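In this text, residue positions in the sequence shown follow numbering that gives the first Met the number 0: the first is 0, and each later residue adds one.
Be careful, since some hints might not be right.
[Said to hold, decoys possible] Cross-link-like lysine-lysine pairs, in silico, DSBU-like; alpha carbons within 35 angstroms at most:
id: 1; residue 1: Lys189; residue 2: Lys43
id: 2; residue 1: Lys44; residue 2: Lys66
id: 3; residue 1: Lys269; residue 2: Lys258
id: 4; residue 1: Lys84; residue 2: Lys24
[Claimed, not checked] Cβ pair distances, simulated, as ranges:
id: 5; residue 1: Glu88; residue 2: Asp297; range: 39 to 49 angstroms
id: 6; residue 1: Glu88; residue 2: Gly295; range: 40 to 50 angstroms
id: 7; residue 1: Gly295; residue 2: Asp257; range: 21 to 31 angstroms
id: 8; residue 1: Ala115; residue 2: Lys341; range: 27 to 37 angstroms
id: 9; residue 1: Glu30; residue 2: Asn151; range: 43 to 53 angstroms
id: 10; residue 1: Asn111; residue 2: Pro52; range: 29 to 39 angstroms
id: 11; residue 1: Glu146; residue 2: Gly39; range: 54 to 64 angstroms
id: 12; residue 1: Ile244; residue 2: Ser53; range: 42 to 52 angstroms
id: 13; residue 1: Lys43; residue 2: Asn141; range: 46 to 56 angstroms
id: 14; residue 1: Gly288; residue 2: Lys66; range: 55 to 65 angstroms
Simulated from the structure, these hints should not be mistaken for lab results. Computed from a predicted structure; not experimentally measured. We treat Cβ as the ideally placed atom computed from N, Cα and C, and that holds for glycine.
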Amino acid sequence: MSAKPRIAVVGTGWWSTEFHIPSLKKYQDCELVALIDPNGEKLKKAQDMFGIPSGYASVTEALAEIKLDGAIIATPSAMHYPVTKELLENGVHVMVEKPFTIFASEAYEIVNLAKAKSLHLTIGYTFQHTNAAKALKQALDNQEIGEILLVNGLFASMAEAYYRGVPEQYKGIFNWAITGPDPQTFSDPKLAGGGQGQTQVSHAIGMILHAINQRATQVVAFMENRDLNVDLVDAMAFTCEANIIGNLGSTGNLRDGDKHQQEFRYYGTKGYILHDMRNGQLLVRNDKGNQYEISGEDIGDIYPALNTSRHLVDLITGKAKINLAPGLQAAWAVEFLEAAYKSASTNSIVKVKPNIRSGK
Numbered sequence: 000m001s002a003k004p005r006i007a008v009v010g011t012g013w014w015s016t017e018f019h020i021p022s023l024k025k026y027q028d029c030e031l032v033a034l035i036d037p038n039g040e041k042l043k044k045a046q047d048m049f050g051i052p053s054g055y056a057s058v059t060e061a062l063a064e065i066k067l068d069g070a071i072i073a074t075p076s077a078m079h080y081p082v083t084k085e086l087l088e089n090g091v092h093v094m095v096e097k098p099f100t101i102f103a104s105e106a107y108e109i110v111n112l113a114k115a116k117s118l119h120l121t122i123g124y125t126f127q128h129t130n131a132a133k134a135l136k137q138a139l140d141n142q143e144i145g146e147i148l149l150v151n152g153l154f155a156s157m158a159e160a161y162y163r164g165v166p167e168q169y170k171g172i173f174n175w176a177i178t179g180p181d182p183q184t185f186s187d188p189k190l191a192g193g194g195q196g197q198t199q200v201s202h203a204i205g206m207i208l209h210a211i212n213q214r215a216t217q218v219v220a221f222m223e224n225r226d227l228n229v230d231l232v233d234a235m236a237f238t239c240e241a242n243i244i245g246n247l248g249s250t251g252n253l254r255d256g257d258k259h260q261q262e263f264r265y266y267g268t269k270g271y272i273l274h275d276m277r278n279g280q281l282l283v284r285n286d287k288g289n290q291y292e293i294s295g296e297d298i299g300d301i302y303p304a305l306n307t308s309r310h311l312v313d314l315i316t317g318k319a320k321i322n323l324a325p326g327l328q329a330a331w332a333v334e335f336l337e338a339a340y341k342s343a344s345t346n347s348i349v350k351v352k353p354n355i356r357s358g359k
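Produce the entire structure from the sequences given, and follow the hints as far as they go.
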């Protein structure tokens with residue numbers, strides 16, 4: 000592509016105004032040509048703050064008036080599927096925030112549509128852009144610890160106020176550029192699809208399944224809402240295709256200002272890997288006596304939130320040769336979470352159905 004890609008951002012809430020819009024506005028390899036949001040007040044505030052004259056109430060309206068090469072989707076989770084589908088059907092490359100979609104059938108439909116139209120589809124998994132995540136993926140792809148036997152994960156975060164519908168409780172912590180999340184974005188199960196599972200475990204299981212390059216085959220989960228409408232505390236166990244066993248615990252009830260804890264361990268027949276996702280650290284050790292780590296100056300940006308939207312631009316221009324957060328592995332995360340919620344509600348082990356699989 001000779002001309003700079005023309006990009007739109009769909010959704011002008013917290014995440015877009017904090018990260019995606021500022022990132023693209025400053026990125027010399029693209030043109031940020033439009034913002035899209037049905038909320039006219041939010042749209043106008045974002046347009047004024049970032050100096051973007053073109054604003055539209057819907058993707059349909061935008062596509063009727065301007066040419067787009069790519070779009071960033073940062074809407075409430077329930078809207079990811081219809082918005083992404085419309086853009087892909089009209090030949091637009093897409094970056095979708097996580098969780099990718101609420102239902103696996105939707106995720107695989109989107110993956111197949113992007114493939115059929117030869118369009119780039121990448122997901123907003125910020126941590127997969129870190130140096131530690133890249134090294135983790137390479138080590139597992141190269142079987143540096145042999146066959147993977149066990150995966151263990153913990154994701155503890157500060158998110159309870161979101162699930163209670165009082166995001167303003169975090170205003171002093173996050174210093175929102177324009178606005179925080181709408182009260183319903185994370186607290187209404189119809190919009191969010193769930194609580195800690197969709198909002199935070201999606202990060203964790205997205206990283207795990209991408210790193211091991213395996214789908215889950217069975218999931219059993221226990222979830223506690225406490226007095227909320229969505230889950231706050233989750234515990235999950237799972238199996239994967241290559242006889243891998245895993246377990247994952249997550250809670251969103253850390254206190255205001257507490258540092259998140261995001262730690263993952265991979266044990267193989269020839270060694271192990273320790274991944275501190277929150278701090279961007281990695282330790283690889285195998286039975287040949289080889290050991291190396293990502294630490295100190297090698298860590299780089301531990302949360303490169305500006306990179307996810309720019310990554311779409313780089314995929315379009317060809318600057319990026321590898322999709323760091325592909326749609327297929329994100330679809331595996333969606334089917335995992337769908338199975339987990341079903342397991343928790345039915346108190347049973349849920350087998351992940353292979354008939355909706357797109358294939359590797």
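Hints and how they fare:
no. : hint                                : result
1   : Lys189 x Lys43                      : 26 angstroms, holds
2   : Lys44 x Lys66                       : 23 angstroms, holds
3   : Lys269 x Lys258                     : 33 angstroms, holds
4   : Lys84 x Lys24                       : 25 angstroms, holds
5   : Glu88 x Asp297: 39 to 49 angstroms  : 42 angstroms, holds
6   : Glu88 x Gly295: 40 to 50 angstroms  : 47 angstroms, holds
7   : Gly295 x Asp257: 21 to 31 angstroms : 25 angstroms, holds
8   : Ala115 x Lys341: 27 to 37 angstroms : 29 angstroms, holds
9   : Glu30 x Asn151: 43 to 53 angstroms  : 44 angstroms, holds
10  : Asn111 x Pro52: 29 to 39 angstroms  : 36 angstroms, holds
11  : Glu146 x Gly39: 54 to 64 angstroms  : 55 angstroms, holds
12  : Ile244 x Ser53: 42 to 52 angstroms  : 51 angstroms, holds
13  : Lys43 x Asn141: 46 to 56 angstroms  : 51 angstroms, holds
14  : Gly288 x Lys66: 55 to 65 angstroms  : 57 angstroms, holds
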